[in-house]
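Chains as they are written, first to last, in our numbering: chain S, 4 to 356; chain D, 4 to 356.
The hints are simulated quantities; they were obtained by calculation from the structure and are not laboratory data. One or more of the hints may lead you astray.
Note: identical chains are not told apart, hence a pair may lie in one copy or across any two.
Claimed, not checked - Below, a list of computed lysine-lysine pairs in the DSBU-like style, where the Cα atoms sit at most 35 Å apart:
(1) Lys-309 - Lys-180
(2) Lys-349 - Lys-113
(3) Lys-349 - Lys-95
(4) Lys-214 - Lys-107
(5) Lys-95 - Lys-23
(6) Lys-110 - Lys-214
(7) Lys-23 - Lys-254
(8) Lys-349 - Lys-214
(9) Lys-254 - Lys-107
(10) Lys-46 - Lys-356
(11) Lys-60 - Lys-307
(12) Lys-356 - Lys-180
(13) Lys-256 - Lys-356
(14) Lys-46 - Lys-5
(15) Lys-254 - Lys-264
(16) Lys-254 - Lys-180
(17) Lys-289 - Lys-54
Protein chains: 2
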Amino acid sequence: MKKHNFSAGPSILPQEVLQKASEAILNFNGLDLSLIEISHRSKEFIAVMDKAQALVKELLELPEGYSVLFLQGGASTEFLMAPYNLLTEGGKAAYLDTGSWSSKAIKEAKLFGDTVVVASSKDKGYNYIPKGYEVPSDADYIHFTSNNTIFGTQLNEFPGGDVLKVVDMSSDIFSRKIDYSQFDVVYAGAQKNMGPAGTTVVIVKDEVLGKSGRQVPSMLDYKTHADKDSMFNTPPVFAIYVSMLTLEWLKSKGGVAAIEKENRAKAALLYNEVDSNPSFVGFAAKEDRSIMNVTFNLTDESLKEKFDALCLESGISALNGHRSVGGYRASIYNAMSIESVQVLVKAMQDLNK
Amino acid sequence: MKKHNFSAGPSILPQEVLQKASEAILNFNGLDLSLIEISHRSKEFIAVMDKAQALVKELLELPEGYSVLFLQGGASTEFLMAPYNLLTEGGKAAYLDTGSWSSKAIKEAKLFGDTVVVASSKDKGYNYIPKGYEVPSDADYIHFTSNNTIFGTQLNEFPGGDVLKVVDMSSDIFSRKIDYSQFDVVYAGAQKNMGPAGTTVVIVKDEVLGKSGRQVPSMLDYKTHADKDSMFNTPPVFAIYVSMLTLEWLKSKGGVAAIEKENRAKAALLYNEVDSNPSFVGFAAKEDRSIMNVTFNLTDESLKEKFDALCLESGISALNGHRSVGGYRASIYNAMSIESVQVLVKAMQDLNK
């Protein structure tokens, strides 16, 4: 049965990527060896790493002077690596609090020094993006989350000010055109728009490397990985390979500009249904809605059983909201087709029949 | 062409494991979804995690009171997590230096406090295991590497003394029967005897959790992961699944005792050839030889081209020694068949024809 996979992450990947990954597990590049049993220092895997890095640079149109790293540990590890690498002793870090992931990042930063929250939308259950805040000019950096997977909100404008910018783009990297030259560190767990769980892409401006003055353990130091081209230790071979395949697929689709057009069309279709269907109500403030994670609730909870049954028989999978907020969440990442969104819209319409 | 894969890691995996992994990429458990696009909080993946942990406990015959964690970042990350979690402020760490990996672990520990090297075999290029050293009784722990992948040496006896024991078993976990109740922390990158690159198994005695008195960032705190059953953040789904498959395979083979018998037979066959063949000389001291990584050199370097050609035409792959030492290294992990070792022995014999 054809499934329509709305999982928030790990999440849908292109079918042709899955096919190639499956084949590489049995015989990689005609070597008569599996992708996952060859040395990471073989010329075949080094070519994968090089290509994955080059595709990130090309697809995001990164200017010169940035390193692309493939690390492990997810955004949760970046929550501590960012302050370890950027927050000076006695310095100050600024954070924008737009949801659970921002809060977790703030918690880790506090272990490293003075951490200021410039604005928070916690007062309304994180259903909007704060505006009009000031970034302290004496901060070492400002950290923000570009898309809030759980709440379905997204930043359309990014913090300004003359401080370093650190952005967690785990759930919307590669989904829309952005000027990356405004950022100093960008990180994203692969398992939304880039690949499977198991690797984190970290894009770091070379001029900020080694600047905190702290003695950073080797594995937590961006400079270690930049100097060794993400080969300081054994990298997560499979996750990087599948990320490379997914980026190749994105390039073949026309790149970020082309996928953004599709993403906006999918989101518009779904939000239009949320707004016009009397059985549903959107969660996020309209002007801050995410084009990646569409969050909504039933207006009448007694319809839940019927709607869940309609979803099940349509092949709709993983539509439940995050366990911390409930309701529904349709994650419509790059690999999700508009046809699958149409199946969901039809199930929403059928609820009123 | 049938390849005989002697790679030191990532390394050979059982064919039936590769087959099942390849299938799961396309359709996992009959869900009509890929293993790598489902939520890590789905009941299907939680079952994988639970089974992988249970198999580790069963195969290693762990007593009660240990937690099995599946983390990321490899042994290189454990080099810093061990002192972060166990070395008290003002305390002392003891290390046995038996090779490059021990040295790297020592380097990271020094960032956290007083680090004493109880003995080192660096004086002879790490070709033996030091004996007769004393472990300081005021150390918080003693750290050692059970098997030295690069040099082909292995500990047959483990340090004693009334201090915590921390062991890096990256290249020989699951290969021989050991009383694990003597250890407090055991860690191993998966990519030798357990699975693909991308996850690290960490076995930790519950009573040592949270004991260093330091404020440890969440992702670096063993307690975080023990409390959350390795689901604090998104785990490396694929690497854990393939590890589970490999452990199932090991159990079906009769477990660690049965595989140890095979491993010792493979090692004996190969070392016998190294010792009896005039064209080769072993690298490691005989009493400290590893049953996982057999290191040897040509007695006459001019034979290199002929031997490499013989290997190539026999399908022998990845026999080169580590780039830091050169020579040859046959890694004969659990999944390597004795037939493949026989092919290598024959190539070694053919060199003299």
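Here is how each hint holds up against the structure:
1. For a Cα distance limit of 35 Å, the shortest separation of Lys-309 from Lys-180 qualifies neither inside one copy, at 39 Å, nor across copies, at 55 Å.
2. In this assembly of identical chains, Lys-349 and Lys-113 lie within 35 Å of each other by CA distance neither inside one copy nor across copies; the values are 47 Å within and 61 Å between.
3. Taking CA atoms no more than 35 Å apart as the test, Lys-349 paired with Lys-95 passes in neither setting, with 50 Å inside one copy and 65 Å between copies.
4. Taking the shortest alpha-carbon separations for Lys-214 and Lys-107, both the intra-copy value of 24 Å and the inter-copy value of 23 Å come in at or below 35 Å.
5. Neither within a single protomer nor between protomers do Lys-95 and Lys-23 lie at most 35 Å apart by alpha-carbon distance, with minima of 46 Å and 50 Å respectively.
6. In the homo-oligomer, the alpha carbons of Lys-110 and Lys-214 lie at most 35 Å apart both inside one protomer (22 Å) and across protomers (21 Å), since each shortest distance falls under that limit.
7. In this homomeric assembly, Lys-23 and Lys-254 come within 35 Å of each other (Cα to Cα) both inside a single copy, at 16 Å, and across copies, at 30 Å.
8. In this assembly of identical chains, the alpha carbons of Lys-349 and Lys-214 never lie at most 35 Å apart, being 53 Å within a copy and 56 Å across copies at closest.
9. Proximity of Lys-254 and Lys-107 under a CA criterion of 35 Å is satisfied intra-copy only: 33 Å inside one chain copy versus 39 Å between copies.
10. When the C-alpha separation of Lys-46 and Lys-356 is checked against a cutoff of 35 Å, the pair qualifies only between copies, where the shortest distance is 32 Å, while the shortest distance within a copy is 59 Å.
11. In this homomeric assembly, Lys-60 and Lys-307 never come within 35 Å of each other (Cα to Cα): the closest approach is 44 Å inside a single copy and 41 Å across copies.
12. In this assembly of identical chains, the alpha carbons of Lys-356 and Lys-180 never lie at most 35 Å apart, being 40 Å within a copy and 65 Å across copies at closest.
13. In this assembly of identical chains, Lys-256 and Lys-356 lie within 35 Å of each other by CA distance neither inside one copy nor across copies; the values are 37 Å within and 57 Å between.
14. For the identical chains of this complex, Lys-46 and Lys-5 are inter-copy neighbours only, at 20 Å across copies versus 38 Å inside a copy, given an alpha-carbon limit of 35 Å.
15. Taking identical chains as interchangeable, the C-alpha atoms of Lys-254 and Lys-264 lie at most 35 Å apart only when both belong to the same chain, with a minimum of 14 Å there against 51 Å between chains.
16. When the C-alpha separation of Lys-254 and Lys-180 is checked against a cutoff of 35 Å, the pair qualifies only within one copy, where the shortest distance is 14 Å, while the shortest distance between copies is 50 Å.
17. For the homomeric pair Lys-289 and Lys-54, neither the shortest alpha-carbon distance inside one copy (39 Å) nor that between copies (44 Å) is at most 35 Å.
Checked against the numbered hints given earlier, this structure breaks hints 1, 2, 3, 5, 8, 11, 12, 13 and 17; the rest are met.
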